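**Q** Note that the protein sequences, when read in sequence, are chains A and B.
In this text, residue positions in the first sequence follow the numbering used here: the first is 1, and each later residue adds one.
In this text, residue positions in the second sequence follow the numbering used here: the first is 1001, and each later residue adds one.
Note that these hints are calculated values from the structure, not bench results.
Bear in mind that the values here come from a model prediction, so they are computed numbers and not experimental data.
Every residue gets a Cβ at the ideal spot worked out from N, C-alpha and C, and that includes glycine.
Be a bit skeptical, because a hint or two may be false.
DEER-style ranges, computed between Cβ atoms [claimed, not checked]:
no. : chain 1 : residue 1 : chain 2 : residue 2 : range
1   : A       : A110      : B       : G1046     : 41 to 51 Å
2   : A       : A6        : B       : H1007     : 44 to 54 Å
3   : A       : G64       : B       : L1043     : 18 to 28 Å
4   : A       : G84       : B       : L1099     : 29 to 39 Å
5   : B       : L1099     : A       : I5        : 11 to 21 Å
6   : B       : Q1002     : A       : A103      : 39 to 49 Å
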Amino acid sequence: MTGLIAIGVAAGIVAGLLGVGGGVLFVPGLVLFVGLDQHHAEATSLLAIVPVAIVGTYRHDRYGNVRRADALALGLMSLAGAAGGVALANALSGALLRDAFAALMVVVAAQLARRSLGRGGVAHPGVEDAVAEQQEVDQRQEPGGREVDHLGGEPER
Amino acid sequence: MQVAAEHLSRRSLKLMAIGTLAGLFSGLFGVGGGSVIVPLLVLWLGYDERAATATSLAAIVFIAGFAAAAQGLYGNVRLLDAVLVGVPAVGGVLIGAWLQQRLQARAIALLFAAVLVASAVELVLG
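Chain A on its own, in the form it takes in the complex (with noise of 0.2 Å):
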C-alpha cells in the first residue's frame, strides 16, 4: 500500500516537474515495484489518470484555456477507439504489450532529451501526456510571470 502510494507522488511530482504524462510512469512503476503483470497495469493506470486529469482540467479551465465543446466531442468520440484499443491489448500476450509499451518509454525519452538539449526548446507538447501539462500553461498564465518553456529554458516563439 505505501508503494503504490509513493509511485502515485513520485509519478505526479516527475509530471508536474517535466510534463512527462502519468500513464508512461503508472504502468512501468505498477509492473516493475508493485508486480502486476502488463495488461493489469495498464488498465489500473487508465483508472489513476482519471483523477489527475479531472484536477489537471479544473485548474486550466480557470484560465479559460480548455474549448468545451471540442473536449465533450474528443471524449466522446473516443469510445469506439478506445474499446479497440482496449480489445487490441487484450488480444496481445503480455510480453508482446510490455515490449511495445518499452518501445513507447524510449521514443517519451528521446524526446523528453531532445526537448531539454535543444536550444530554446523545441518544446513540442506532442511529447507529454496531457495530464501532467499544466504547470506549463500555470506559468505562462501567471500574471506578471516570466515566459519560460516548461523546462526553465528560452521562450519558445
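Since the structure of chain A is already known, use the hints to place chain B on it.
**A** Chain B alone, transformed into the frame defined by chain A:
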C-alpha cells in the same frame, strides 16, 4: 452557407479522427493519449499549445474513463490500486508544478530520460 456547412463537417471529421486515434492509443497502452491529441489539435485544427493541452486534458477524463471501463469488463482493473496511485498523484503533480518553477528542470529532464530508458530495459529483460 454551403461552404460553412462543409467546413463544419470537415472539422467534425477531424475531431472524430483525433478522438478515435487517441482512444486507440490510450486503450492499447494504458496512457491518457495526450501525446496524440495535443499535436493533432495543433496541426489539424490550428490550436495554440495552451488550448490544445487544456482541451486534451478535459478529453482525457472521458478517454481514460472509457478505456478504464472497457478494461474493467475484462476484469483487469485493480480498483484499490488505482485509487492508491491516482489520488496521491494529484498531490504529486501539484508539488511537481510548484518545484518546476524553482528548479533547473533541464538537467533533471535528461536524468529522467535515462531513468525511463533504464526502466524500459528492465521491463523487457526483467
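**Q** Could you check the hint for me, namely that A6/A and H1007/B are 44 to 54 Å apart, CB to CB?
**A** Since A6/A and H1007/B have Cβ atoms about 50 Å apart, the given range 44 to 54 Å holds.
**Q** L1099/B and I5/A, beta-carbon distance inside 11 to 21 Å?
**A** holds (19 Å)
**Q** Between the beta carbons of Q1002/B and A103/A, is the distance compatible with 39 to 49 Å?
**A** holds (46 Å)
**Q** Is the distance from the Cβ of G64/A to the Cβ of L1043/B consistent with 18 to 28 Å?
**A** holds (23 Å)
**Q** Taking the Cβ atom of G84/A and the Cβ atom of L1099/B, is their distance within the range 29 to 39 Å?
**A** holds (38 Å)
**Q** Could you check the hint for me, namely that A110/A and G1046/B are 41 to 51 Å apart, CB to CB?
**A** violated (27 Å)
Hint 1 alone, counting from the list given before, is not met by this structure.
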